[in-house]
Amino acid sequence: MTAAPDGLARSESRDDKSRRGPLALNGVTRRFGEFTAVDNVSFEVGPGELLALVGASGSGKTTTLRMAAGYEIPDAGTVTLGGKDITKVAPERRGFGMVFQHYALFPHMPVEDNVAFGLEARGVSKAERLKKARASLANVGLEGAGSRAIQSLSGGEQQRVALARALVIEPRALLLDEPLSNLDPTLRHAMRDDLRAMLRRVGVPALFVTHDQEDAFAVADRIALLKMGKLLQVGTPEELYNAPVSREVAAFIGRGSIVPAIDKGNTATVTIGGVARDLNVTRAKGAPSHLETAYVVLRPDALELSRSAGVLAWRGRIANRRFAGGVIVYHVQLADGISVDVESQAGEAHEDDNVSISPLKGPFPLVPA
Amino acid sequence: MALLLWTVVYPNVAVIAGSFENGLGHWREFAASPADREALWTSLVISVASVFASLAIGVPLAFLLGRFEFPGRRLLRAVATLPAALPPLVGVIAFLFLYGESGLVTRVVQRALGMAEAPWRLKGVGAIVFVHAYTMYVYVFLFVSAGLERFDATLDEAASGLGANTWQRLRRVTLPLLMPAVAGSALLVFMNALGSFSAPYVFGGGLRVLSTQILASKINGAMGLAYVETTVLALSAVAGLVLFRWLDSKRKYTLASKGGRTRRTIRSRRIQILITVASAVIVVALVLPHLMVILVSFARDGAWTTQVLPPEYTFENYRRLFSESELWKPITNSVSMALIATAANLVVCFIAGYLIVLRKFGGRGLLELLVALPWAIPATAIALGLAATFNRNDLLTGRVLLVGTFWILPLAYFIRDIPLVASAVESSLRQMDASLEDAARGLGASWMMTMRRVILPAARPGLVAGGLLAAVTAVGEFVASVVLYTHSNRPISMEILAQLRALAFGTAAAYSVLLIFLVLLMTLAARSFEERLA
Chain R
1 MTAAPDGLAR
11 SESRDDKSRR
21 GPLALNGVTR
31 RFGEFTAVDN
41 VSFEVGPGEL
51 LALVGASGSG
61 KTTTLRMAAG
71 YEIPDAGTVT
81 LGGKDITKVA
91 PERRGFGMVF
101 QHYALFPHMP
111 VEDNVAFGLE
121 ARGVSKAERL
131 KKARASLANV
141 GLEGAGSRAI
151 QSLSGGEQQR
161 VALARALVIE
171 PRALLLDEPL
181 SNLDPTLRHA
191 MRDDLRAMLR
201 RVGVPALFVT
211 HDQEDAFAVA
221 DRIALLKMGK
231 LLQVGTPEEL
241 YNAPVSREVA
251 AFIGRGSIVP
261 AIDKGNTATV
271 TIGGVARDLN
281 VTRAKGAPSH
291 LETAYVVLRP
301 DALELSRSAG
311 VLAWRGRIAN
321 RRFAGGVIVY
331 HVQLADGISV
341 DVESQAGEAH
351 EDDNVSISPL
361 KGPFPLVPA
Chain G
370 MALLLWTVVY
380 PNVAVIAGSF
390 ENGLGHWREF
400 AASPADREAL
410 WTSLVISVAS
420 VFASLAIGVP
430 LAFLLGRFEF
440 PGRRLLRAVA
450 TLPAALPPLV
460 GVIAFLFLYG
470 ESGLVTRVVQ
480 RALGMAEAPW
490 RLKGVGAIVF
500 VHAYTMYVYV
510 FLFVSAGLER
520 FDATLDEAAS
530 GLGANTWQRL
540 RRVTLPLLMP
550 AVAGSALLVF
560 MNALGSFSAP
570 YVFGGGLRVL
580 STQILASKIN
590 GAMGLAYVET
600 TVLALSAVAG
610 LVLFRWLDSK
620 RKYTLASKGG
630 RTRRTIRSRR
640 IQILITVASA
650 VIVVALVLPH
660 LMVILVSFAR
670 DGAWTTQVLP
680 PEYTFENYRR
690 LFSESELWKP
700 ITNSVSMALI
710 ATAANLVVCF
720 IAGYLIVLRK
730 FGGRGLLELL
740 VALPWAIPAT
750 AIALGLAATF
760 NRNDLLTGRV
770 LLVGTFWILP
780 LAYFIRDIPL
790 VASAVESSLR
800 QMDASLEDAA
810 RGLGASWMMT
820 MRRVILPAAR
830 PGLVAGGLLA
840 AVTAVGEFVA
850 SVVLYTHSNR
860 PISMEILAQL
870 RALAFGTAAA
880 YSVLLIFLVL
890 LMTLAARSFE
900 ERLA
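First to last, the sequence lines map onto chains R and G.
Quick note on numbering: the first sequence equals residues 1 to 369 in the working numbering.
Quick note on numbering: the second sequence equals residues 370 to 903 in the working numbering.
Excised from the complex, chain R in its bound form (with noise of 0.2 Å):
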């Protein structure tokens, strides 16, 4: 967003601090009758950085954006700005910009018209709104299309007015509900980076939710994990998928098969079928450094596949072969029960055939019980 002060802008913007300061959410709890969507949620989100809220469906993560929103008043937390405590102010007073997972355009009004309903609200002047509309539209990449009717555009389309909408108005924190999940696969990979580039620019809080680890992976500078109301761990990708804090978010974020371990400080020992390898591991931030009950991770791009039979080598057979682009990746049953999958660049081996696995360098991610 070209940053044009004006009457709105100011007029809104109560102080300099308010409006470049975090959008942080205190231990917010939501029930609803015996049920708790929200369970005593706390992170922040700095000005200019992009929070991916990711869970599985029914996990609270919509109900976590809603707070943030105003739609939903939290039954225990705060949910402060810039530290400004905003829990109790109305959606209409926050002066958010949201973007709702349908998109959520008013069907009756042409797309200028849309971007310039939040101008419209704060009282600018026609030609004035129209204008920044306008500017708004051709900033997400929808120059001339103003007088358009919302039918008649794409769903990429919508998902950029809607966008454009929200930036409209100077928002002093973005909420997007699942922005990605409308669009056909092609389309969102493309928009991935189209939006992270877009939210950066505009250097406020920006908050979204996804089901989807890959988008979360693709547009986040940190994420939060939530299962049944419960923030798992706040981290960057990177944490999150090599330093993981607990089983459930080994199990969530990336592939990878879950294997008993035997803590050995800097190493843990994983034996399978009676062959014991000591892998390096990595622990999450602030873990013990002793486990009683501990597991490795074995992500499929840390595993070896060689049809020659090693001494040291896991053995197993090939149940499932398949192609996944650049790589082949192989499902491969193990002695004990345990299966991994194992991603190769050579493609000779088939289905039915013995192999031998071999852990590589590592580190292995090592997680608690």
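To be clear, the hints were calculated from the coordinates, so they are not data collected in a lab.
From the three backbone atoms N, C-alpha and C, an ideal C-beta is built for every residue, glycine too.
Keep in mind that a hint or two might mislead.
[What the hints assert, rightly or not] Chain R side only, calculated, beta carbon under 10 Å to chain G, not exhaustive:
1. 95
2. 104
3. 108
4. 121
5. 165
[Claimed, not checked] Derived DSSO-like pairs (lysine-lysine); straight-line CA-CA distance at most 30 Å:
6. R/285 with R/361
7. R/84 with R/227
8. R/227 with G/492
9. G/729 with R/88
10. G/729 with R/230
11. R/227 with R/285
[Stated by the list, open to error] Covered stretches of chain G, as calculated for chain R (at least 3 residues, CB under 8 Å):
12. 798-809
13. 812-823
Starting from the known structure of chain R, fit chain G onto it as the hints suggest.
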């Protein structure tokens, strides 16, 4: 909500209370009266017979038009819903002109067969069911046609792939899946027939049904008995409603998929001719009542006696309607009362629809019930309830004197049309993405702005369609009017009846044509309004 409780519920309570005003006395009187027992029985027989007659016409017609392609299909489709456009009393009159003792068709048959007397008399249960079937089959036709359109063609193909023949497919797949549509329309016909007043009133002869019996008791001053009869009529309607709901609740599937289907072109030359001839006959039968009313409206009053067709034609009937203030009055009455009632419907039902669809609050279930209630209560019962409630000024019991004033009829029309307008508004709002309201608020819009710019435009199609239906029913309303009208606010329908009694057929028909014209005008106005906004 308080307004709805006051106008919708209170009158019914007053009626039920009135029926017990001297303990069980009036109920004993009702039970002991052979006339009343006969009336209850006849009402039920007529209603059930009307349901079957409407099904017998509506279902095959829907199949014929929905599944087959033949010459004349478009024309038949266009006129198939025509009977619904006739105000109830006008339909009855048209039948009188056509099939009554001195009606056109009756006379033609009589002459053709060289009979001394009319071959039939348009009287009794048969006549009433005949008229009901003509006006009410449209519900069945529309429901089943819609069901057929939504019917997933692949289901039928799957069945035939599994080796089912045409008859097996119809019996095991198509009909069971159409049951919801059939049941829904059957309920609608049942409720309409039970509350029907005009046909029994005009053709009943000595026949008694509950709705006419209520008016008779009221005119005779036996209010207590009228209250009992009203309660019984309302209870029968509610019982019918509950019975249908219960039958429908046993169904565990819905027709969800949208399946396009191509109509089958009939190849056999003989069947093609047969169907074309049959559909030509149906078209004529459907259009004839309208044509007849128009024709008679040009007939000189008193001149049409034993001839097949009226012998003399004149513009006199219309000239008098527009020039004589006594004859013009009912027209301005009907139009202004219909507009007042419709305006009130739009405001109240918009608020109610908004609350029901978009707000979560404790009394929502009650509100839903309140706006649907007048639908379950026959119009005669509603009218009598109003007569029982708004008959004196008494602030303590919340009564206002409206009976005998102009305002009682707009109030009655308003109540009758609440369910129509409310359900139209509700369905419009339900189609709206609920997050639009959130989006508007999130963008900083005040409550007023959200209403004006987002909710109202979303409700608009429902408001226009519901308002049109309300205005159309109100302008031709007869059943509640006959109970509550006074000379000074008499609507068109009452004037038609009065002219009919005075054997001024031409004038009665001219009024009817005017009424049809008004309905047409409103429809066109609503359509152009909607087009201009959309």
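Q: Tell me if residue 165 of chain R is really an interface residue toward chain G, meaning its C-beta lies closer than 10 Å to one of theirs.
A: holds, 7 Å
Q. Is the hint on residue 95 of chain R kept, meaning its closest Cβ partner in chain G is under 10 Å away?
A. holds, 7 Å
Q. Hey, residue 227 of chain R versus residue 492 of chain G, does the alpha-carbon distance stay inside 30 Å?
A. Given that 30 Å is the threshold and the Cα spacing comes to 73 Å, the pair is violated.
Q) Would the hint on residue 108 of chain R stand, with a C-beta cut-off of 10 Å toward chain G? A) Holds. Min distance 4 Å.
Q.
Is the coverage entry for the segment 798-809 of chain G by chain R consistent with the three-residue Cβ rule at 8 Å?
A. holds (count 6)
Q. Straight-line Cα separation of residue 285 of chain R and residue 361 of chain R no greater than 30 Å?
A. holds, 21 Å
Q | Pair hint residue 227 of chain R and residue 285 of chain R, alpha-carbon separation not exceeding 30 Å | A | holds, 20 Å
(Q) Is the listed coverage of the segment 812-823 of chain G by chain R valid when you require three or more residues with a beta carbon under 8 Å from a beta carbon of that chain? (A) Holds, because 7 residues of the segment 812-823 of chain G bring their Cβ atoms closer than 8 Å to Cβ atoms of chain R.
Q) Is the shortest C-beta separation between residue 104 of chain R and chain G less than 10 Å? A) Status holds, d = 4 Å.
Q | Pairwise hint evaluation, residue 88 of chain R against residue 729 of chain G, where the allowed Cα distance is 30 Å at most | A | Given pair residue 729 of chain G, residue 88 of chain R holds - Cα atoms ~19 Å apart, limit 30 Å.
Q: Return the status of the interface hint for residue 121 of chain R: holds when the least beta-carbon distance to chain G is below 10 Å, violated otherwise.
A: This hint holds: residue 121 of chain R lies near chain G, its Cβ roughly 4 Å from the closest one there, short of 10 Å.
Q.
Holds or violated: residue 729 of chain G and residue 230 of chain R, Cα atoms, limit 30 Å.
A. Judged against 30 Å, a Cα distance of about 27 Å means the pair holds.
This entry does not satisfy hint 8, going by the numbered hints stated previously; all others are met.
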